[in-house]
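Number of protein chains: 2
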Amino acid sequence: MGNEKNTAGELEWRVRVEDGSSEVLKPEIRWFHRVWLGLVGFFLKLVLRVWKFLKKAWDVAVDDPRKVIHCLKVGLALSVVSLFYYMRPLYQGVGGNAMWAIMTVVVVFEHTVGATLAKCINRGAGTFLAGSLGVGVNWVAGHSREFEPIILGASVFFLASAATFSRFIPSVKQRFDYGAMIFILTFSLVSVSGYRVDKLLDLAQQRLSTIAIGASMCIIITMLVCPIWAGQDLHVLVTRNMDKLANSLDGCVAEYFEDSTSPSDKEEESSKKLQGYKCVLNSKATEESLANFAIWEPAHGRFSFRHPWVQYLKVGAAMRNCGYCIEALNGCIAINSETQAPQFVKNHLSEVCMRLSSHSSNVLKELAQMTKSMKKSTKIDFAIGEMNGAVLDLQDALKSLPTQLTPPPQTNTAVLAPTAVPLIEVAPLVTVASLLIEIASRVEGVFASVDELSRLANFKAVNDKKPKQNQIISRPSVDNQGQETVKALQEV
Amino acid sequence: MGNEKNTAGELEWRVRVEDGSSEVLKPEIRWFHRVWLGLVGFFLKLVLRVWKFLKKAWDVAVDDPRKVIHCLKVGLALSVVSLFYYMRPLYQGVGGNAMWAIMTVVVVFEHTVGATLAKCINRGAGTFLAGSLGVGVNWVAGHSREFEPIILGASVFFLASAATFSRFIPSVKQRFDYGAMIFILTFSLVSVSGYRVDKLLDLAQQRLSTIAIGASMCIIITMLVCPIWAGQDLHVLVTRNMDKLANSLDGCVAEYFEDSTSPSDKEEESSKKLQGYKCVLNSKATEESLANFAIWEPAHGRFSFRHPWVQYLKVGAAMRNCGYCIEALNGCIAINSETQAPQFVKNHLSEVCMRLSSHSSNVLKELAQMTKSMKKSTKIDFAIGEMNGAVLDLQDALKSLPTQLTPPPQTNTAVLAPTAVPLIEVAPLVTVASLLIEIASRVEGVFASVDELSRLANFKAVNDKKPKQNQIISRPSVDNQGQETVKALQEV
Numbered sequence: 005m006g007n008e009k010n011t012a013g014e015l016e017w018r019v020r021v022e023d024g025s026s027e028v029l030k031p032e033i034r035w036f037h038r039v040w041l042g043l044v045g046f047f048l049k050l051v052l053r054v055w056k057f058l059k060k061a062w063d064v065a066v067d068d069p070r071k072v073i074h075c076l077k078v079g080l081a082l083s084v085v086s087l088f089y090y091m092r093p094l095y096q097g098v099g100g101n102a103m104w105a106i107m108t109v110v111v112v113f114e115h116t117v118g119a120t121l122a123k124c125i126n127r128g129a130g131t132f133l134a135g136s137l138g139v140g141v142n143w144v145a146g147h148s149r150e151f152e153p154i155i156l157g158a159s160v161f162f163l164a165s166a167a168t169f170s171r172f173i174p175s176v177k178q179r180f181d182y183g184a185m186i187f188i189l190t191f192s193l194v195s196v197s198g199y200r201v202d203k204l205l206d207l208a209q210q211r212l213s214t215i216a217i218g219a220s221m222c223i224i225i226t227m228l229v230c231p232i233w234a235g236q237d238l239h240v241l242v243t244r245n246m247d248k249l250a251n252s253l254d255g256c257v258a259e260y261f262e263d264s265t266s267p268s269d270k271e272e273e274s275s276k277k278l279q280g281y282k283c284v285l286n287s288k289a290t291e292e293s294l295a296n297f298a299i300w301e302p303a304h305g306r307f308s309f310r311h312p313w314v315q316y317l318k319v320g321a322a323m324r325n326c327g328y329c330i331e332a333l334n335g336c337i338a339i340n341s342e343t344q345a346p347q348f349v350k351n352h353l354s355e356v357c358m359r360l361s362s363h364s365s366n367v368l369k370e371l372a373q374m375t376k377s378m379k380k381s382t383k384i385d386f387a388i389g390e391m392n393g394a395v396l397d398l399q400d401a402l403k404s405l406p407t408q409l410t411p412p413p414q415t416n417t418a419v420l421a422p423t424a425v426p427l428i429e430v431a432p433l434v435t436v437a438s439l440l441i442e443i444a445s446r447v448e449g450v451f452a453s454v455d456e457l458s459r460l461a462n463f464k465a466v467n468d469k470k471p472k473q474n475q476i477i478s479r480p481s482v483d484n485q486g487q488e489t490v491k492a493l494q495e496v
Numbered sequence: 005m006g007n008e009k010n011t012a013g014e015l016e017w018r019v020r021v022e023d024g025s026s027e028v029l030k031p032e033i034r035w036f037h038r039v040w041l042g043l044v045g046f047f048l049k050l051v052l053r054v055w056k057f058l059k060k061a062w063d064v065a066v067d068d069p070r071k072v073i074h075c076l077k078v079g080l081a082l083s084v085v086s087l088f089y090y091m092r093p094l095y096q097g098v099g100g101n102a103m104w105a106i107m108t109v110v111v112v113f114e115h116t117v118g119a120t121l122a123k124c125i126n127r128g129a130g131t132f133l134a135g136s137l138g139v140g141v142n143w144v145a146g147h148s149r150e151f152e153p154i155i156l157g158a159s160v161f162f163l164a165s166a167a168t169f170s171r172f173i174p175s176v177k178q179r180f181d182y183g184a185m186i187f188i189l190t191f192s193l194v195s196v197s198g199y200r201v202d203k204l205l206d207l208a209q210q211r212l213s214t215i216a217i218g219a220s221m222c223i224i225i226t227m228l229v230c231p232i233w234a235g236q237d238l239h240v241l242v243t244r245n246m247d248k249l250a251n252s253l254d255g256c257v258a259e260y261f262e263d264s265t266s267p268s269d270k271e272e273e274s275s276k277k278l279q280g281y282k283c284v285l286n287s288k289a290t291e292e293s294l295a296n297f298a299i300w301e302p303a304h305g306r307f308s309f310r311h312p313w314v315q316y317l318k319v320g321a322a323m324r325n326c327g328y329c330i331e332a333l334n335g336c337i338a339i340n341s342e343t344q345a346p347q348f349v350k351n352h353l354s355e356v357c358m359r360l361s362s363h364s365s366n367v368l369k370e371l372a373q374m375t376k377s378m379k380k381s382t383k384i385d386f387a388i389g390e391m392n393g394a395v396l397d398l399q400d401a402l403k404s405l406p407t408q409l410t411p412p413p414q415t416n417t418a419v420l421a422p423t424a425v426p427l428i429e430v431a432p433l434v435t436v437a438s439l440l441i442e443i444a445s446r447v448e449g450v451f452a453s454v455d456e457l458s459r460l461a462n463f464k465a466v467n468d469k470k471p472k473q474n475q476i477i478s479r480p481s482v483d484n485q486g487q488e489t490v491k492a493l494q495e496v
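Protein chains in written order, with this note's numbering: chain A, 5 to 496; chain B, 5 to 496.
The hints are simulated quantities; they were obtained by calculation from the structure and are not laboratory data. Virtual Cβ for every residue (Gly too), placed ideally from N, Cα, C. Keep in mind that a hint or two might mislead.
[Unchecked claim] Have a look at the derived ranges for each label pair, beta carbon to beta carbon:
| hint | chain 1 | residue 1 | chain 2 | residue 2 | range |
| --- | --- | --- | --- | --- | --- |
| 1 | B | K59 | A | S213 | 37 to 43 Å |
| 2 | A | V229 | B | R38 | 49 to 55 Å |
| 3 | A | S213 | B | Q279 | 51 to 57 Å |
| 4 | A | L460 | B | F36 | 36 to 42 Å |
| 5 | A | V66 | B | K60 | 43 to 49 Å |
| 6 | A | V54 | B | Q279 | 46 to 52 Å |
| 7 | B | L133 | A | R306 | 40 to 46 Å |
| 8 | B | K60 | A | G449 | 27 to 33 Å |
| 9 | B | K403 | A | G449 | 34 to 40 Å |
Could you put together the complete structure from these sequences and hints?
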């Protein structure tokens, strides 16, 4: 029936049949036409899909050209390892086990140096541990002739179960997940092939050496050709997120208090800035995996081997904590834009609210700068002081807005009607103010975590000219030093 | 010098040497003692660490016994596959390639059915595609004698680079990451060993069949022995999170308005309930991976093959959106507990605030129940209505609290001093009220996403007795049906 409706507007051929009624004449060519159209449509859709996919791939490449370089590095590593096969002298040395070198390269080569190192070390350690254990179990099984298959089977069952279970324990999962898998794999292979292959030790030694060749190839290429450091990435991610947080805080409050007189293209840019806090809320998983890999990395750039990467996670958590509040603020501003507060109240509070938000975002920007440069900031204490001052100012402003609330028994408010404002009209403003105060206290949390980071990572002091106050404050430490030198002289 | 200070309180033996000064006599036994103590301390620490590790492992096992079952399943699968080695007839059939069956089991066997299926399908498809492509390239290379190594090397370089790059494209990464890796691995191995091994097709066929054996073993064991379904897990996670969200909303508001007269052990439990929203905020990554695996699963339990798993992610996002606001509410309540609002204002608002929060959490609980049972709820519209009514009531209550705000020029507030309350004292209450209104609007967002889910997943209508109103409302649809049957009869 539906079909009839669809073709309502079309012409059709009818033929009169013997009983008097007419029948629709459906030409065969129509079927052919339909199939043809279907095929064309299908191919067009396919081309469109492929085109979209390619466009997406192109965007990925443009967005981060290092990914393209990584791919070429993988290709290079595989080609170099293949040489072991193509060049006869090398082939005769390593033998058919060269397969393991290729497998190692494919499985171990990761995007960042830290991830590659982690996998290499895990693979090496897992293979070595399981290999020696497997040889041991084989030796034991070999000395008890008839029980050999039972001992081997039972050892595979129990060790595989135990190693699989260890992968569920958070501390193992975080660092040694891959190693545990390789342990199971190697142990099963060794204990099973030990039953067939007699030259087990030779096999194990060859396999280890080919894995070492593959792994060292990966490490050399990943560290020498345009290295991508997980630690560096984490550092950049956290500082960029701090800037984004500052920008969205600024933008969010400015949007509420200022009249929007800016042109529309500028507005689009600012709304993009405003949404920056969402990046902060969503980057937990990325931060964790980067920190996990960064731990394995050697010293690089400005980062030492034992750089406190875990502290970056705490900074990230503090920022997210702050981001939740900005999210709520954003929501409250959007929903309350209908019920505007009276202008005179807005005027009274807007200046001090804007000041608090700009001081808070200043603190965040200063912290971002401090983390970026890895130098102690001389301005940060001052910025924090200003922020706290602004909090007090806002609280004072709220206090100085005396509110006449009439408790139930008293009903003489009628005479004050001309200036009475229901609480609901000031509610949005008060909420914004409260949330700003809360945000300021959470910004202090971010400060505390960055301060801890600066202590753990030994951020350098800035040695250009300091303001006078700081010199006065630092004098006692000079005195202390003087006393210490005197002491040292006496002791000598 | 520091060393001397440390031992300041201790006795020491001194001996007078030739130049008249005295020298400390350090008995050798002391060193031995120290080393002994150090060793004992080291071992105690080691034992303590191992003990802690075992305790953690025990907690993991107790927390989710299915994990232990999974480990036994892995052991079982490996033991069964090892049989191919131990039993001579089977071994002669499959040959040394049985190694690939073991490798497949170790690599492919995952915790959930969906993850295992995804890896099996990826591994099979990747191996088949790369294998046939590798054989093709080998054929071409074989026909151009002197260029053979160049063609093979170049093909490995380019295909490996391209496949590695594809792993960065989000849609590929999400579903086919493992397949792309296997593709690179197989292609490299085939094109490289093709240069040495002549019976390439035989090898490829054998390898595919052993992989098929390993994979089918995994699939059979994972689906038949206590299967753990990713979809089921996702369903439970989302509904449990919804309940947690409702509980923390309730607890948070009750804590603020009620006097805490409950005993301390009950308080601890309630504070644990209160922190439930944090689970919601942190479960994004888990939800995404579960949804990713659930897509691969066949119909199981109450879930059909094409169950709208992606919609669960949207429900999760809506819940997180709600959770951000609860986080902010929690923060505001904690920070503002010092500046208490005057009692009469609190009394005026507390009842309506509590009502709104309990209606909001009722809606959440009803939605959780609806998702849990996968049946349409008859009460949900009523609950939403009540919540919206409570929002209006709260807004009315705020309106009916007339606030006397004095604009700057007017300064006659002095006479009203006895009842004047500065805005700052009501700020926390107003903030709580605003945030509750915002939360209610976000709960509606959760409702919208669950409603969409119920539509997509064809939740059944409840067929037990409905309230009268619903019957009246549903009458037109009965009429419609009647009309349709009449129509159908006419048409026949």
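Outcome of the hint check:
In this structure, B:K59 and A:S213 meet the distance hint of 37 to 43 Å, their C-beta atoms being roughly 40 Å apart. Range check, A:V229 to B:R38: Cβ separation about 50 Å, and the 49 to 55 Å hint holds. Under the hint 51 to 57 Å, the C-beta atoms of A:S213 and B:Q279, about 53 Å apart, fit the expected range. Between A:L460 and B:F36 the beta carbon distance is about 37 Å. The supplied range of 36 to 42 Å therefore holds.
At about 45 Å, the beta-carbon gap between A:V66 and B:K60 stays in the expected band of 43 to 49 Å. Range check, A:V54 to B:Q279: Cβ separation about 48 Å, and the 46 to 52 Å hint holds. Checked against the hint of 40 to 46 Å, the pair B:L133 and A:R306 passes, with Cβ atoms roughly 44 Å apart. Against the hinted window of 27 to 33 Å, the Cβ-Cβ separation of B:K60 and A:G449 comes to about 29 Å, which satisfies the hint.
Taken as a hint, the range 34 to 40 Å holds for the pair B:K403 and A:G449, whose Cβ atoms sit roughly 36 Å apart.
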